[in-house]
Amino acid sequence: MTTDNEPETAVEQPLSDIAVTINGEERSDTVEPRLKLSDYLRNACGLSGVRVGCEHGVCGACTVLVDGEPVKSCLMYGVQADGKTVETVEGLAEDGKLHPIQEAFHEEYALQCGFCTSGFVMATKALLEENPDPDDETIESELSGNLCRCTGYQPIYDAVHRAAETIEGDE
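Numbering-wise (UniProt numbering), the sequence shown opens with residue 1 and increments by one.
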């Protein structure tokens, strides 16, 4: 117990070392165990394409791929990414050229304010890697963890179909 004359001492938080591959680059950092992956990616790594919306895993704006699987980064701790590969929207474009999914979202006007777009793009990447030719029902089901308040969903479905065709044609 402290008196009015004694300063309170801060409780020192334990720290954890992590090694993670982010968008193809290996990183080592020391983080607090309670640091959310979304905050780690945005603040320590400077990846502002990882959006933080609801912070409850409902909106999907923070979706990234961890070892190829879509993850709501606001629900995962940075220490849980130790030893894993994380991919964000910033890692998709190569040599200044948009990834076919990014290009399709642009061409189909599947974005307006853009806040949800990076989460949709990453969820779409995971979907197309699993199912290269999804129907609308599959797209709706697989992207149901991402919310958009601006575009309506048809342009997003159209973008997924366009990306699927483009990716299939590139192979």
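Hint data in this document are derived by calculation from the structure and do not stem from the laboratory.
Only a predicted model underlies this, so the values are computations on that prediction, with no experimental measurement involved.
Heads up, the beta-carbon is just placed ideally off N, CA and C, and yes, glycines get one too.
It is possible that part of the hints are untrue.
[Stated by the list, open to error] Quick list of the computed label-pair ranges, beta carbon to beta carbon:
1. 21 with 132: 20 to 26 Å
2. 85 with 56: 37 to 43 Å
3. 137 with 8: 16 to 22 Å
4. 17 with 154: 33 to 39 Å
5. 166 with 34: 28 to 34 Å
6. 95 with 10: 45 to 51 Å
7. 24 with 149: 30 to 36 Å
8. 145 with 96: 28 to 34 Å
9. 138 with 113: 38 to 44 Å
10. 138 with 94: 52 to 58 Å
11. 57 with 136: 21 to 27 Å
12. 152 with 98: 19 to 25 Å
13. 141 with 13: 52 to 58 Å
So, going through the hints one by one against the coordinates:
1. Residue 21 and residue 132 have their C-beta atoms about 25 Å apart, which keeps the hinted 20 to 26 Å range intact.
2. One distance hint, 37 to 43 Å for the beta-carbon pair residue 85 and residue 56, is violated here, with the actual separation near 25 Å.
3. Under the hint 16 to 22 Å, the C-beta atoms of residue 137 and residue 8, about 57 Å apart, miss the expected range.
4. One distance hint, 33 to 39 Å for the beta-carbon pair residue 17 and residue 154, is violated here, with the actual separation near 46 Å.
5. For residue 166 and residue 34, the hinted distance range of 28 to 34 Å is not satisfied, since their beta carbons lie about 41 Å from each other.
6. Distance hint check for residue 95 and residue 10: the Cβ-Cβ separation is about 46 Å, which falls inside the suggested range of 45 to 51 Å.
7. Residue 24 and residue 149 have their C-beta atoms about 32 Å apart, which keeps the hinted 30 to 36 Å range intact.
8. Checked against the given bound of 28 to 34 Å, the beta carbons of residue 145 and residue 96, roughly 30 Å apart, stay inside it.
9. For the pair residue 138 and residue 113, the beta carbons lie near 26 Å from each other, so the given range of 38 to 44 Å is not met.
10. Hint check: residue 138 to residue 94, Cβ distance near 27 Å, so the stated range 52 to 58 Å is violated.
11. Evaluation of the 21 to 27 Å hint for residue 57 and residue 136 yields a pass: the beta carbon distance comes to about 24 Å.
12. A hinted range of 19 to 25 Å holds for the C-beta pair residue 152 and residue 98, which are about 22 Å apart.
13. Remark: the range hint 52 to 58 Å for residue 141 to residue 13 is contradicted by a beta-carbon distance near 40 Å.
Hint violations for this structure: numbers 2, 3, 4, 5, 9, 10 and 13, all remaining hints satisfied.
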